[in-house]
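Those protein sequence lines, which keep their order, are chains B and P.
Under the working numbering, the first residue of the first sequence carries the number 1, and numbering increases by one thereafter.
Under the working numbering, the first residue of the second sequence carries the number 1, and numbering increases by one thereafter.
Calculated directly from the structure, the hints in this document are not laboratory data.
Any given hint could be a false lead.
Said to hold, decoys possible - Taking lysine-lysine and the DSS-like style, the derived pairs with C-alpha atoms no more than 25 Å apart in a straight line are: (1) B:Lys27 x P:Lys282; (2) P:Lys13 x P:Lys179; (3) P:Lys388 x B:Lys21; (4) P:Lys388 x B:Lys27.
Unchecked claim - Short derived list, chain B residues pointing at chain P, Cβ under 10 Å: (5) Lys21; (6) Gln92; (7) Ser93; (8) Gln204.
For clarity, every value in this text was computed on a predicted model and none was experimentally measured.
Each residue gets a CB set at the ideal place from its N, CA and C atoms; glycine is no exception.
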Amino acid sequence: MLKESKGIRLEHISKIYQDPKTGKDFKAVDDANLVIEPGSFVTLLGPSGCGKTTTLRMIAGFESPDEGEIYLGDQPINELTPNKRDTAMVFQSYALFPHYNVFDNVAYGLKLRKMDKKVIHDKVMEILDLVELSGMEGRMTNQLSGGQQQRVALARALVVEPSVLLFDEPLSNLDAKLRVSMRTEIRNIQQRVGITAVYVTHDQSEAMALSDQIIIMNKGVVSQIGTPQEIYYHPADEFVADFIGEANFLRGKLVRKDGEKGVLSIDNHDVEVDDIGNFEVGSDCTVVLRPEAALLAPEGQLPCKVVMSCFMGEYQNYHVMVGDTLVKITDFNPKHKRIYRVGEEAFVKFDTCDVHII
Amino acid sequence: MAAQSKSAKLDRKKLFSDPVMVGMISVLLIFLVLFIVYPLFVLLIDSVYTEGKLTLSVFQRVLSMQRFRTAFSNTLVLGLLTGILSTAIGLLFAYVDVYVKIKNKAVGKLFNVVSLLPVVSPPFVLSLSTIMLFGRSGIITRSLLHIYDSNVYGLKGIVVVQTLTFFPVCYLMLKGLLKNIDPSLEEAARDIGASRMKVFTTVTLPLLLPGLGNAFLVTFIESVADFANPMLIGGDYDTLATTIYLQVTGSYDSTGAAAMSVVLLSLTLILFFIQKYYLERKTAATLTGKASRARMLIEDKSVTIPLTVICCLVALFVIIMYIMIPFGALFKLWGRDYSLTFKWFDYLFKYSGLKAFKDSFLLSVIAAPITALLSMVISYLVVKKKFKSKGFIEFVSMLAMAVPGTVLGIGYIRGYANGIFHTGVLSGIYGTGIILVIVFIVRSLPVGTRSGISALRQIDKSIEESAYDLGAGSGRVFTTVTLPLIKDSFFSGLVTSFVRSITAISAIILLVTPQFLLITCQINEFAEKGYYGVACAYATILIAIVYLSVLLMNLFIRFFGTSKKIKEEK
Ligand SMILES: Nc1ncnc2c1ncn2[C@@H]1O[C@H](COP(=O)(O)OP(=O)(O)O)[C@@H](O)[C@H]1O
Ligand SMILES: [Mg+2]
Numbered sequence: 001m002l003k004e005s006k007g008i009r010l011e012h013i014s015k016i017y018q019d020p021k022t023g024k025d026f027k028a029v030d031d032a033n034l035v036i037e038p039g040s041f042v043t044l045l046g047p048s049g050c051g052k053t054t055t056l057r058m059i060a061g062f063e064s065p066d067e068g069e070i071y072l073g074d075q076p077i078n079e080l081t082p083n084k085r086d087t088a089m090v091f092q093s094y095a096l097f098p099h100y101n102v103f104d105n106v107a108y109g110l111k112l113r114k115m116d117k118k119v120i121h122d123k124v125m126e127i128l129d130l131v132e133l134s135g136m137e138g139r140m141t142n143q144l145s146g147g148q149q150q151r152v153a154l155a156r157a158l159v160v161e162p163s164v165l166l167f168d169e170p171l172s173n174l175d176a177k178l179r180v181s182m183r184t185e186i187r188n189i190q191q192r193v194g195i196t197a198v199y200v201t202h203d204q205s206e207a208m209a210l211s212d213q214i215i216i217m218n219k220g221v222v223s224q225i226g227t228p229q230e231i232y233y234h235p236a237d238e239f240v241a242d243f244i245g246e247a248n249f250l251r252g253k254l255v256r257k258d259g260e261k262g263v264l265s266i267d268n269h270d271v272e273v274d275d276i277g278n279f280e281v282g283s284d285c286t287v288v289l290r291p292e293a294a295l296l297a298p299e300g301q302l303p304c305k306v307v308m309s310c311f312m313g314e315y316q317n318y319h320v321m322v323g324d325t326l327v328k329i330t331d332f333n334p335k336h337k338r339i340y341r342v343g344e345e346a347f348v349k350f351d352t353c354d355v356h357i358i
Numbered sequence: 001m002a003a004q005s006k007s008a009k010l011d012r013k014k015l016f017s018d019p020v021m022v023g024m025i026s027v028l029l030i031f032l033v034l035f036i037v038y039p040l041f042v043l044l045i046d047s048v049y050t051e052g053k054l055t056l057s058v059f060q061r062v063l064s065m066q067r068f069r070t071a072f073s074n075t076l077v078l079g080l081l082t083g084i085l086s087t088a089i090g091l092l093f094a095y096v097d098v099y100v101k102i103k104n105k106a107v108g109k110l111f112n113v114v115s116l117l118p119v120v121s122p123p124f125v126l127s128l129s130t131i132m133l134f135g136r137s138g139i140i141t142r143s144l145l146h147i148y149d150s151n152v153y154g155l156k157g158i159v160v161v162q163t164l165t166f167f168p169v170c171y172l173m174l175k176g177l178l179k180n181i182d183p184s185l186e187e188a189a190r191d192i193g194a195s196r197m198k199v200f201t202t203v204t205l206p207l208l209l210p211g212l213g214n215a216f217l218v219t220f221i222e223s224v225a226d227f228a229n230p231m232l233i234g235g236d237y238d239t240l241a242t243t244i245y246l247q248v249t250g251s252y253d254s255t256g257a258a259a260m261s262v263v264l265l266s267l268t269l270i271l272f273f274i275q276k277y278y279l280e281r282k283t284a285a286t287l288t289g290k291a292s293r294a295r296m297l298i299e300d301k302s303v304t305i306p307l308t309v310i311c312c313l314v315a316l317f318v319i320i321m322y323i324m325i326p327f328g329a330l331f332k333l334w335g336r337d338y339s340l341t342f343k344w345f346d347y348l349f350k351y352s353g354l355k356a357f358k359d360s361f362l363l364s365v366i367a368a369p370i371t372a373l374l375s376m377v378i379s380y381l382v383v384k385k386k387f388k389s390k391g392f393i394e395f396v397s398m399l400a401m402a403v404p405g406t407v408l409g410i411g412y413i414r415g416y417a418n419g420i421f422h423t424g425v426l427s428g429i430y431g432t433g434i435i436l437v438i439v440f441i442v443r444s445l446p447v448g449t450r451s452g453i454s455a456l457r458q459i460d461k462s463i464e465e466s467a468y469d470l471g472a473g474s475g476r477v478f479t480t481v482t483l484p485l486i487k488d489s490f491f492s493g494l495v496t497s498f499v500r501s502i503t504a505i506s507a508i509i510l511l512v513t514p515q516f517l518l519i520t521c522q523i524n525e526f527a528e529k530g531y532y533g534v535a536c537a538y539a540t541i542l543i544a545i546v547y548l549s550v551l552l553m554n555l556f557i558r559f560f561g562t563s564k565k566i567k568e569e570k
């Protein structure tokens, strides 16, 4: 689209609510600092109740922050009402106007801007074409399927050419298959239009598939910001590691250090690591090991005992004990591999570069 | 909470940057303060502040009046009896409706008619027909039973009339609650061997208890606040409402009346708060959610037949009472000469009847759209917006529900006869049509607001938010999204407030000046004088007007109602 998209900046944003039961104050969002680049697709990801919607609604202007300032581009927007902010939101419930047909729903924002009738018509048709709803403009919204309704909602938000598009779990009312195809479509449209998008979801695969950047939130606090790869391979803490995909946590101690590399002692066994980050010799640390990054082998870093072994088709699923710690291992394509049975002794084997320590 | 959190400050700043919101809120605040809070406040001041001093002397004077003390206990006795009877009959109807299998379609129709009647009937019509059925020249008493000294006036008359007027309200309230009782609870009790009666007393009734209390209090308040029925059929059984009226119109003692009003108001307010903030919540807490599945209806004939017959008799009786009214207008001389004639209608139109209809109609037609719009605006603000004075607005507009019309009337007399606080400001509206229209608005506002609020609660908040988000200001959101979505509720609010206005009497009768003739006041006047033919002629036309407007409303909603269309297609 013609208009240039803008970035968003949240500086020390907090939001305080009263707990409806106890009446006590609590921070639904706690000191959030975010920089969202123009034209990027950013998701707010986290478990239900962690403050994602609240953050999004503060950006839209429906809620006011208790601390901090929100910028759209370089302009502080705390004092602007939602109708004065150059953002447009797509709601979880679609929130279409039930008394208007598809055309009038999409045209609503343009009519508010007092545009010429002809211009409105052209713009609406163009955008309906973009979301593949051409020919449906005369339908009432309750004559559309869920997916189509969501496209109308998207079109209605896109057509006013906002600087930023906001999504609050827009796909959660759709069935699983449609969810996957719609998310691809949303990503494609966003890329084509080049608009900045902030997307709230609790579904990690949605976040992975869509985002340039993922912002992980937990109990009102931003836990980590990064690309999907950064978040997955270098989680900042146990919460992030556990929330995104599956993770094994092994407790250890750094015993030697050699530049970036080092040696950990886990369960009295030495384990080499490629990247020890900022840890000092002698400090306790936790190893994050993804189940698919480890194998069972006759020899390896950590001796273990198999307590569960289960064929899942595409992989063999093992639970093994390393000392007192349960470790999950998924061994993909097991057809021609040796299968370990329950009770057998073996070693957990992994690459030194696949270990991330926190 | 912090003295003023930053978000609250920002919210306020956002609010003030929206001129339509500021306008709406200011207009509402001014209206509510001027016409609900101020008149009640004046009554309080009047009764404790005489000749520049704070004193309880007025109260002492009033309390020492035998007349007042009798009226006070009369009022309580009346409220109690009416409350209990209405709740009991309402419960019977609700139980039969929800639990008993009725094959006959006509019975269902009968139930419908009964629940609709209180909506379309002027509040005191039943008094008229009771007098005509059971009075000295009543059809039943005189012509059938040949009792020549029958006396319907007094407590028994009022109780019968009020019960028949108010029980349909209880019926509808309790029906809603009974429907929400999960049948499996009762079936579980049946399963372990409890008899049907036992199930009713040990399971159904305890679950329903807060709801029954709620229904009882609602009727109690209505009964206590009722003016017209005690006036017409009370005889020398004076209640607080009639005593206050007589204190002003007979004894010209408006400070005394003010003190009495404070007593009556305190009574209804206390009951109202118990009802609103305790019982209503309790009802909601015990009966939450929907019944999980359909209930097995009672088919046992030894239960269904007696219950159904009783209900049908009561319903038929009520309907006959309404049918009496047009006949009362068509018979030559009630009790003596039952030949048909139009002379009462002729009389009515010869003697300023037309003016009465014109005045009543005009004032109500002016009041109705204002009321409907105001109540929708209040509902919108209460449900969808947050701002500081919201609690106040919601509270005051609900409070008006608990203010008896007579009290409001006295408040306006005391508060506006010499202008606000005797300064002459706004005294211009006193004695004009404006104050009558305002009274109509205030009296209908709570009803409209309540229905508006429940209609708006059903609309997904994000629909309006998305309009707001796309760039519409609050006024635009209200007119392009909110209002179209609650068109039905708006239109029924329009008709309801028209009907309530054109049938209103309690506050109006204190404020009306000879310049205006109102139908209800005319009916009251002619009935008082014993001209039942004319009174019935007025009432007949009034019922016809009201019925037509309700019909019109239903037609409109059927053909133009958006929300219905939307709901049906889903
Ligand atoms: N208006 C409100 N008043 C009080 N608490 C609220 C309000 N809105 C949200 N909350 C609370 O704030 C927390 C975060 O809510 P939300 O942002 O909706 O979470 P998410 O979208 O991540 O599921 C939750 O604990 C929620 O109960
Ligand atoms: Mg949410």
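Verification of the supplied hints:
| no. | hint | in the structure |
| --- | --- | --- |
| 1 | B:Lys27 x P:Lys282 | violated (31 Å) |
| 2 | P:Lys13 x P:Lys179 | violated (46 Å) |
| 3 | P:Lys388 x B:Lys21 | holds (21 Å) |
| 4 | P:Lys388 x B:Lys27 | holds (22 Å) |
| 5 | Lys21 | violated (15 Å) |
| 6 | Gln92 | holds (8 Å) |
| 7 | Ser93 | holds (5 Å) |
| 8 | Gln204 | violated (25 Å) |
In terms of the numbered hints stated before, the structure departs from hints 1, 2, 5 and 8, listed from lowest to highest.
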